Amino acid sequence: MNLFEVAHFVPEKPMYEQGLILLPHLATLGWGVGPGGEVIDTFPYFVSGVLHLISSAVLGFGGIYHALLGPETLEESFPFFGYVWKDRNKMTTILGIHLILLGEGWIVSVDDLEDIIGGHVWLGSICILGGIWHILTKPFAWARRALVWSGEAYLSYSLGALAVFGFIACCFVWFNNTAYPSEFYGPTGPEASQAQAFTFLVRDQRLGANVGSAQGPTGLGKYLMRSPTGEVIFGGETMRFWDLRAPWLEPLRGPNGLDLSRLKKDIQPWQERRSAEYMTHAPLGHLWHAGRARAAAAGFEKGIDRDFEPVLSMTPLN
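Number 306 in UniProt numbering belongs to position 306 of the sequence shown; there are no gaps in the numbering.
Treat the hints as calculated values from the structure; they're not laboratory data. Small disclaimer: the values here were computed from a predicted structure and weren't measured. Virtual Cβ for every residue (Gly too), placed ideally from N, Cα, C. Fair warning: there could be bad hints in the mix.
[Said to hold, decoys possible] DEER-style ranges, computed between Cβ atoms:
#	residue 1	residue 2	range
1	H98	I54	30 to 36 angstroms
2	V47	K265	35 to 41 angstroms
3	S313	E38	44 to 50 angstroms
4	L260	E38	51 to 57 angstroms
5	F46	K265	43 to 49 angstroms
6	M314	W270	46 to 52 angstroms
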């Protein structure tokens, strides 16, 4: 799969527009990537694919050997690797081995690379130490009683763990553009939403709209508004993602949120292109309006009570 993606990769197009699955992960590690997330060298991806191909061939031949020529049981020749599904002590040893192999780390809630690296080191160390502990110890009495010790039970435990990991990965891909850079994976949900607001702000500002004071049909700021804490954010429906941080938007922020003067004078063409591109890559409008329509039909679309918000006592944006 890796080699297939390398063969079909088009450097002039973003990775997320090419339906790539493996190359974005390699690019996230920094291989073959230059300034701004531009892929300047695909040779590291080719090397990775070849190494994985060789490794899979070794594993495949190993499986054929053990199925056709190897001993039926390993207990006599290699006692450490032999096991029976109902052997509780051996199962905890196998769990320990897996934890050590998984000790490369895990992703926690982050918004900078230092947190990603630190989280990998911290949780990777926990996995390795936990693996060593499981190898050297035997299951406690409560674990012997509570758990089912059979091959099918281990399969069910593993599938449950994979389901949890899937939900975690889904949340990170949708929200975290530090762990999953938008340049490789496409825009996060909040980015697509904020990009929509930014694109309409740029368009209407050029048509003469006063983006600092225009009101939308709900009484909220159409283009800009204040958050409950007073920070200047995009208005309208996109306010639910107002705490987004993204490279294409940060140059337009000031000490109190979005800077009105920068929005009027400093917007660059690349920021316009990026936001327009991101706006069209996620079906947020469909999801948002479908949810509102269902809520209205069910009778619990009440709107937002803003009578007592601190922001009402603050000065207008312009």
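Hints, one by one, checked against the model:
Remark: the range hint 30 to 36 angstroms for H98 to I54 is contradicted by a beta-carbon distance near 23 angstroms. Separated by about 47 angstroms at the C-beta atoms, V47 and K265 break the suggested range of 35 to 41 angstroms. Between S313 and E38 the C-beta distance comes to about 47 angstroms, which sits within the given range of 44 to 50 angstroms. Between L260 and E38, the C-beta spacing of about 32 angstroms breaks the proposed range 51 to 57 angstroms.
At about 45 angstroms, the beta-carbon gap between F46 and K265 stays in the expected band of 43 to 49 angstroms. Under the hint 46 to 52 angstroms, the C-beta atoms of M314 and W270, about 33 angstroms apart, miss the expected range.
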